[in-house]
Amino acid sequence: EESDSDEAGEGDEEEAGARQGGAEAAAADGGGSGGEEDPDPASDSSEDERPNRNTIGDVPLEWYKDEEHVGYDAEGNKLARRPRRDRLDKLIARNDSSKELRTVYDEYNDEEIVLSKEEMRMIQRIRAGQFPHVEVDPFEPEVDWFTRDVEVMPLSGAPEPKRRFVPSKWEEKKVVKLVRALRKGWIKREEAPEKPEAYLIWEDDGKTLDKTATGLTYIPAPKLKLPGHEESYNPPKEYLPSEEEKNAAQLAEEVEERPQFVPTAYDCLRRVPAYASFIKERFERCLDLYLCPRTRRKRLIIEDPEVLVPKLPKPQDLQPFPALLSVRYTGHTKPVRSVCPDPTGQWLLSGSDDGTVRLWEVRTGRCMRVWQLEEPVSCVAWCPSPQLQLLAAASGKRLFLLPTGTGHEEQEAATKQALAACTASSSAGGGGIEEGQLVSWQRWQGGGEEGGAVVLHKFAIKHVTWHTRGDYFATTAPAGNTQAVLVHQLSKGVSQNPFRKNRGRVVRVLFHPAKPFFFVATQQNVRVYNLAKQALAKKLVAGSGVITSMAVHPSGDHLIVGSEDKRLCWFDLDLSSKPYRSLRYHNYAVRGAAFHRTYPLFASSSDDATVHVFHGMVYADLMTNPLIVPVKILRGHEMVDYQGVLDVAFHPTQPWAFTAGADAAICLFVNP
Amino acid sequence: MDAHAPQNTAAQQGEEVQVSCSFFTKLGADFRVPEAPIAVPANLTRYGLSQIINHLLALDPARPFDFLIDGELLRLSLHRHLLAKHISAEAVLRVEYVPAVLPPTPKEEHPHEDWVSAVAGCGGGGSSGGAPLLASACYDGVVRLWAGGECGASFVAHKGPVQAAVAVATRSASPGAGPLLLTAGNDGAARLWVGVAAAARGGAAPEAAALLKGHTDTVQAAAAAPDGNLCATGGWDSRLLLWRCGDVLLAAAEAAAGEEGDEAAEAAAAGSKKRRKTANGAAAAAQHVEAPRGELKGHSQCVSGISWAAPGTLASASWEHSVRLWDVETAAASDTHHHNKAVHCVAAAPGGAGLVAFGGAEKALRVWDPRVRSGEGLAVRSCASHTGWISAVAWHPTSAHHAATASHDGAVKLWDLRASIPLHTLEAHTDKVLCVAWVGPSTLASGGADCKLRTAEVALGQ
Numbered sequence: 125e126e127s128d129s130d131e132a133g134e135g136d137e138e139e140a141g142a143r144q145g146g147a148e149a150a151a152a153d154g155g156g157s158g159g160e161e162d163p164d165p166a167s168d169s170s171e172d173e174r175p176n177r178n179t180i181g182d183v184p185l186e187w188y189k190d191e192e193h194v195g196y197d198a199e200g201n202k203l204a205r206r207p208r209r210d211r212l213d214k215l216i217a218r219n220d221s222s223k224e225l226r227t228v229y230d231e232y233n234d235e236e237i238v239l240s241k242e243e244m245r246m247i248q249r250i251r252a253g254q255f256p257h258v259e260v261d262p263f264e265p266e267v268d269w270f271t272r273d274v275e276v277m278p279l280s281g282a283p284e285p286k287r288r289f290v291p292s293k294w295e296e297k298k299v300v301k302l303v304r305a306l307r308k309g310w311i312k313r314e315e316a317p318e319k320p321e322a323y324l325i326w327e328d329d330g331k332t333l334d335k336t337a338t339g340l341t342y343i344p345a346p347k348l349k350l351p352g353h354e355e356s357y358n359p360p361k362e363y364l365p366s367e368e369e370k371n372a373a374q375l376a377e378e379v380e381e382r383p384q385f386v387p388t389a390y391d392c393l394r395r396v397p398a399y400a401s402f403i404k405e406r407f408e409r410c411l412d413l414y415l416c417p418r419t420r421r422k423r424l425i426i427e428d429p430e431v432l433v434p435k436l437p438k439p440q441d442l443q444p445f446p447a448l449l450s451v452r453y454t455g456h457t458k459p460v461r462s463v464c465p466d467p468t469g470q471w472l473l474s475g476s477d478d479g480t481v482r483l484w485e486v487r488t489g490r491c492m493r494v495w496q497l498e499e500p501v502s503c504v505a506w507c508p509s510p511q512l513q514l515l516a517a518a519s520g521k522r523l524f525l526l527p528t529g530t531g532h533e534e535q536e537a538a539t540k541q542a543l544a545a546c547t548a549s550s551s552a553g554g555g556g557i558e559e560g561q562l563v564s565w566q567r568w569q570g571g572g573e574e575g576g577a578v579v580l581h582k583f584a585i586k587h588v589t590w591h592t593r594g595d596y597f598a599t600t601a602p603a604g605n606t607q608a609v610l611v612h613q614l615s616k617g618v619s620q621n622p623f624r625k626n627r628g629r630v631v632r633v634l635f636h637p638a639k640p641f642f643f644v645a646t647q648q649n650v651r652v653y654n655l656a657k658q659a660l661a662k663k664l665v666a667g668s669g670v671i672t673s674m675a676v677h678p679s680g681d682h683l684i685v686g687s688e689d690k691r692l693c694w695f696d697l698d699l700s701s702k703p704y705r706s707l708r709y710h711n712y713a714v715r716g717a718a719f720h721r722t723y724p725l726f727a728s729s730s731d732d733a734t735v736h737v738f739h740g741m742v743y744a745d746l747m748t749n750p751l752i753v754p755v756k757i758l759r760g761h762e763m764v765d766y767q768g769v770l771d772v773a774f775h776p777t778q779p780w781a782f783t784a785g786a787d788a789a790i791c792l793f794v795n796p
Numbered sequence: 002m003d004a005h006a007p008q009n010t011a012a013q014q015g016e017e018v019q020v021s022c023s024f025f026t027k028l029g030a031d032f033r034v035p036e037a038p039i040a041v042p043a044n045l046t047r048y049g050l051s052q053i054i055n056h057l058l059a060l061d062p063a064r065p066f067d068f069l070i071d072g073e074l075l076r077l078s079l080h081r082h083l084l085a086k087h088i089s090a091e092a093v094l095r096v097e098y099v100p101a102v103l104p105p106t107p108k109e110e111h112p113h114e115d116w117v118s119a120v121a122g123c124g125g126g127g128s129s130g131g132a133p134l135l136a137s138a139c140y141d142g143v144v145r146l147w148a149g150g151e152c153g154a155s156f157v158a159h160k161g162p163v164q165a166a167v168a169v170a171t172r173s174a175s176p177g178a179g180p181l182l183l184t185a186g187n188d189g190a191a192r193l194w195v196g197v198a199a200a201a202r203g204g205a206a207p208e209a210a211a212l213l214k215g216h217t218d219t220v221q222a223a224a225a226a227p228d229g230n231l232c233a234t235g236g237w238d239s240r241l242l243l244w245r246c247g248d249v250l251l252a253a254a255e256a257a258a259g260e261e262g263d264e265a266a267e268a269a270a271a272g273s274k275k276r277r278k279t280a281n282g283a284a285a286a287a288q289h290v291e292a293p294r295g296e297l298k299g300h301s302q303c304v305s306g307i308s309w310a311a312p313g314t315l316a317s318a319s320w321e322h323s324v325r326l327w328d329v330e331t332a333a334a335s336d337t338h339h340h341n342k343a344v345h346c347v348a349a350a351p352g353g354a355g356l357v358a359f360g361g362a363e364k365a366l367r368v369w370d371p372r373v374r375s376g377e378g379l380a381v382r383s384c385a386s387h388t389g390w391i392s393a394v395a396w397h398p399t400s401a402h403h404a405a406t407a408s409h410d411g412a413v414k415l416w417d418l419r420a421s422i423p424l425h426t427l428e429a430h431t432d433k434v435l436c437v438a439w440v441g442p443s444t445l446a447s448g449g450a451d452c453k454l455r456t457a458e459v460a461l462g463q
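Residue numbers (the numbering used here), protein chains in the order written: chain A, 125 to 796; chain B, 2 to 463.
Everything labelled a hint here was simulated from the structure, so no lab data went into it. Any given hint could turn out to be false.
Label-pair restraints from in silico Cβ distances [unchecked claim]:
id : chain 1 : residue 1 : chain 2 : residue 2 : range
1  : A       : P437      : B       : D141      : 46 to 56 Å
2  : B       : S23       : A       : M741      : 58 to 68 Å
3  : B       : D141      : A       : T722      : 29 to 39 Å
4  : A       : P754      : B       : A92       : 49 to 59 Å
5  : B       : T337      : A       : V431      : 41 to 51 Å
6  : B       : V373      : A       : T722      : 27 to 37 Å
7  : B       : P65       : A       : Y712      : 55 to 65 Å
8  : B       : E330      : A       : S549      : 55 to 65 Å
9  : A       : T722      : B       : E330      : 33 to 43 Å
10 : B       : S301      : A       : M741      : 21 to 31 Å
11 : B       : V373      : A       : V431      : 43 to 53 Å
These stretches of chain B come out as covered by chain A in the derived footprint (C-beta under 8 Å, 3 or more residues) [what the hints assert, rightly or not]:
id : region
12 : 335–345
13 : 389–402
We treat Cβ as the ideally placed atom computed from N, Cα and C, and that holds for glycine.
All chains, please: the whole structure from these sequences, using the hints.
Put into structure tokens, the structure is as follows:
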């Protein structure tokens with residue numbers, strides 16, 4: 125090939141002028157066959173050269189020597205080897221065409237490239253040691269574009285500012301101040317602390333800096349165990365394992381049981397071999413440092429752990445409290461929503477989702493009477509008046525006032541009279557609520573010959589509560605919005621809406637047992653209204669959670685509030701608007717709460733089917749906080765549809781608790 | 002422990018230890034054995050000692066005996082009893098033997114329409130001859146009279162449940178009159194019925210002789226004095242009232258009827274002391290309305306149980322956790338025991354023995370001995386065997402040691418109160434037992450929430 129190109133060079137010189145046009149046509153041909161434009165002759169870049177057809181890369185071409193193809197194109201197709209011409213063919217071709225002299229063979233791409241005349245000339249110039257391109261003039265005259273001489277006229281006409289040559293007044297003032305402060309000793313120069321002549325260089329190893337530069341607490345890496353005598357290259361004899369120990373170690377089945385390091389003695393340091401598990405140990409150390417989270421554990425120094433336990437009396441010292449399940453009142457067929465004992469403690473009322481109100485004898489568990497109301501009964505309440513034997517039951521939108529028929533003749537007569545009086549103005553049964561009226565008082569003939577009264581509301585009633593004297597009662601209808609709370613007077617048969625608007629959804633209302641106060645519990649907080657002054661007296665914030673139940677202490681100064689976030693909050697009304705104690709013992713939402721009338725007891729019932737009984741002692745001394753001790757968990761109900769114990773009530777005279785369960789049973793727990 | 006160690010080992014060895022016992026009895030001469038001390042093995046129980054007595058007496062057929070050591074029934078082996086009571090085994094042991102009480106035999110079972118709330122024995126039965134006469138009261142207000150297993154009469158006694166029924170002894174001249182019956186109920190009234198015995202045997206329905214009107218709430222308990230001339234009622238209005246009763250009241254009613262007989266119609270219209278009897282819808286007859294003769298003031302809550310301990314002494318129990326003994330003459334409480342739970346029933350030992358048994362909102366029966374002064378020992382003993390509340394307790398009419406209890410666990414238990422475990426248990430009912438009463442000395446009647454009245458024969462063997 126070398127000779128070929130030489131001959132081509134010579135041939136080129138001979139026919140330089142005569143074949144100019146033909147060579148150009150051939151160059152155009154070659155470019156067309158490559159599919160590429162001709163490279164810019166002025167560019168030096170190797171990128172501009174004709175791209176390679178072959179894509180095998182920089183591999184020895186002899187690998188393809190025996191193959192049918194020379195490589196692969198960009199699409200991965202084989203590039204077939206062209207048939208090689210022998211010398212005779214070449215000679216004939218050279219004689220036929222002068223182009224043959226300018227043709228070179230590209231072994232890599234297996235192509236024959238015909239060089240143009242211009243290219244031939246460039247080669248000749250390179251050979252002659254000249255620039256390849258004719259246009260390049262190495263000796264061009266130099267043109268001085270920029271000058272370093274200072275011009276007579278400046279580029280900017282602005283005069284030099286004064287600040288360039290006047291010392292700064294403010295800096296001077298500042299300096300004067302600093303000088304004065306230094307002289308008067310206001311600024312104290314920090315003197316370099318004297319270093320003791322000798323000090324422990326590892327002293328601050330154990331210490332930890334409080335904060336690192338990143339603001340995080342610096343925690344030093346745990347230290348490795350220092351090597352001991354047994355890790356010496358020539359440890360004392362007592363560290364060396366005996367033959368039996370070695371055998372035992374080798375026979376040990378578990379890999380973990382084998383010792384990590386076996387002391388071995390060498391007579392000189394030169395004989396010590398490389399430590400086999402060095403890499404492994406380093407790696408594990410790195411893993412330890414990298415992966416183990418390190419926290420600073422401040423050790424509490426507690427000399428007497430008993431000090432930490434709050435001083436509470438033992439439950440057995442706080443007897444009596446309900447603990448034993450003694451009577452089950454069975455008869456309801458659906459969850460019992462509400463229980464209420466009568467003021468003497470002889471009877472028990474219960475209202476259930478099956479639409480019945482039942483009257484039970486407490487002692488024997490006998491159902492004495494059943495009132496069938498159409499809709500589920502959400503609340504029952506016994507009228508506390510000693511002259512009347514009357515119950516109030518909330519069922520749907522209707523509030524029933526029914527004579528219980530348990531009392532003496534005089535009481536029954538008084539009850540009948542009271543019911544007749546309160547419904548005197550109304551039409552006899554039926555009909556809805558008149559325009560502009562809150563409720564409608566009507567007679568009810570459903571419950572046997574005694575009849576009763578119905579207060580028809582606009583919204584479904586969820587709770588009813590009596591005033592202590594038994595004349596007023598209040599109903600709660602959470603859906604009622606502005607008419608959520610209604611206060612009714614039994615003797616006159618009138619109802620009124622005490623609040624023009626309620627802030628939030630009202631869930632419970634209660635009367636204060638002694639004073640003219642009224643508790644309104646919305647889902648978020650409890651408002652205490654002074655009925656005499658007609659003003660808001662206090663607002664109690666229970667924290668998070670929807671309030672479900674509320675009970676007031678017989679003294680009226682304390683309030684317990686149960687909420688759906690499993691908490692029972694005790695409010696001391698004289699103390700704060702925040703809970704005095706928040707008791708979180710239940711696993712599910714609290715459904716009912718109750719105070720005992722005479723014993724220092726209160727209880728909460730929950731959807732986890734338990735009732736927690738607490739000793740809640742309130743002292744007459746204002747300085748002493750109430751004593752709250754959990755004393756007993758009452759279990760006797762089962763969870764039904766994620767509902768447990770829906771209500772709890774205490775017996776008025778005995779330390780007994782009634783619980784109403786979603787399993788349709790009512791339980792009486794007595795003191796052991 | 003060291004002191005007990007040799008005794009324990011001796012107990013294990015058993016036969017080697019012997020106790021010398023001297024047996025005596027209060028039975029007749031036929032049952033006496035020589036009082037000379039006999040050495041008996043210490044591991045003998047009641048059965049072994051009974052065999053010895055039978056052997057000594059050469060009884061055929063054999064009779065079971067119970068044994069008393071220092072007034073307490075032997076329920077363990079002799080050795081363990083001595084250990085438990087800290088009695089020396091060295092000295093001669095004086096052992097009294099009494100005939101053992103045989104297990105009661107259930108006899109009759111009468112279904113009712115409602116829960117049986119009260120039962121009262123009105124005489125008859127036992128040694129006195131004649132069929133036992135008994136009255137049962139229900140929650141529907143109906144009182145039934147039974148004689149010899151037959152329901153002689155049933156009448157509505159009260160509007161609402163009847164809570165108490167007691168027989169009142171009478172010395173009435175007419176033999177057919179028999180005892181009176183006092184019933185009390187939820188309507189706050191108590192009624193005295195005459196002609197009970199005749200009605201029970203199929204005669205005319207009993208008549209309400211008097212209406213005791215004074216309570217303002219349920220009358221929970223009633224009791225008549227042994228001589229029948231005074232009775233007491235207590236109720237949920239926490240009052241304990243005393244009334245004339247029996248012959249005295251009947252005489253007063255007759256006298257009033259005679260005086261005002263002419264003005265009967267007028268009086269009925271005025272509604273003063275005379276009323277038309279409407280309770281059972283039977284023939285309208287004049288009914289005397291009686292006012293209380295006195296009140297025993299002291300209870301603050303429901304008076305739930307009353308029992309006469311002696312002609313002049315009354316025991317009452319209340320929900321305010323107290324049991325009181327009253328001197329009826331002076332209307333003052335002579336003794337008070339403060340318990341820690343509500344008390345539901347009380348029974349005093351007959352014949353002035355002084356013991357008072359009561360049960361309440363707990364499982365144990367308590368026996369209070371008011372004669373024990375404070376600090377001298379245990380005034381109240383506890384007899385625990387029931388598994389539910391004790392709803393009623395009835396002391397045997399003649400025996401000072403035997404009592405029966407009814408409980409909410411469905412069992413009726415017979416107790417000899419000289420031991421702390423019951424003699425026998427009758428699984429009489431399938432639901433709560435609400436009342437129990439002795440009908441004569443040998444029949445026990447009980448009623449309960451399974452709407453059944455049951456009787457059982459008990460032979461105390463005395």
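Structure-based check of each hint:
Look at A:P437 against B:D141: about 49 Å separates their beta carbons, and that is inside 46 to 56 Å. One distance hint, 58 to 68 Å for the beta-carbon pair B:S23 and A:M741, holds here, with the actual separation near 59 Å. Between B:D141 and A:T722 the Cβ separation comes to about 35 Å, which falls inside the hinted range of 29 to 39 Å. Evaluation of the 49 to 59 Å hint for A:P754 and B:A92 yields a pass: the beta carbon distance comes to about 55 Å.
Between B:T337 and A:V431 the C-beta distance comes to about 45 Å, which sits within the given range of 41 to 51 Å. Checking the proposed 27 to 37 Å range against B:V373 and A:T722 shows it holds: the Cβ atoms sit about 31 Å from each other. Hint check: B:P65 to A:Y712, Cβ distance near 59 Å, so the stated range 55 to 65 Å holds. Remark: the range hint 55 to 65 Å for B:E330 to A:S549 is upheld by a beta-carbon distance near 57 Å.
Take A:T722 and B:E330: their Cβ atoms lie about 34 Å apart, and the range 33 to 43 Å holds. The hinted range of 21 to 31 Å is satisfied by B:S301 and A:M741, whose Cβ atoms lie roughly 22 Å apart. For the hinted restraint 43 to 53 Å between B:V373 and A:V431, the CB-CB distance of approximately 46 Å keeps it satisfied. Counting residues of the region 335–345 of chain B whose C-beta sits closer than 8 Å to any C-beta of chain A gives 4, which meets the bar of three, so the coverage hint holds.
Coverage of the region 389–402 of chain B by chain A holds [criterion: at least 3 residues with CB-CB distance below 8 Å; count 3].
Hint violations for this structure: none, all hints satisfied.
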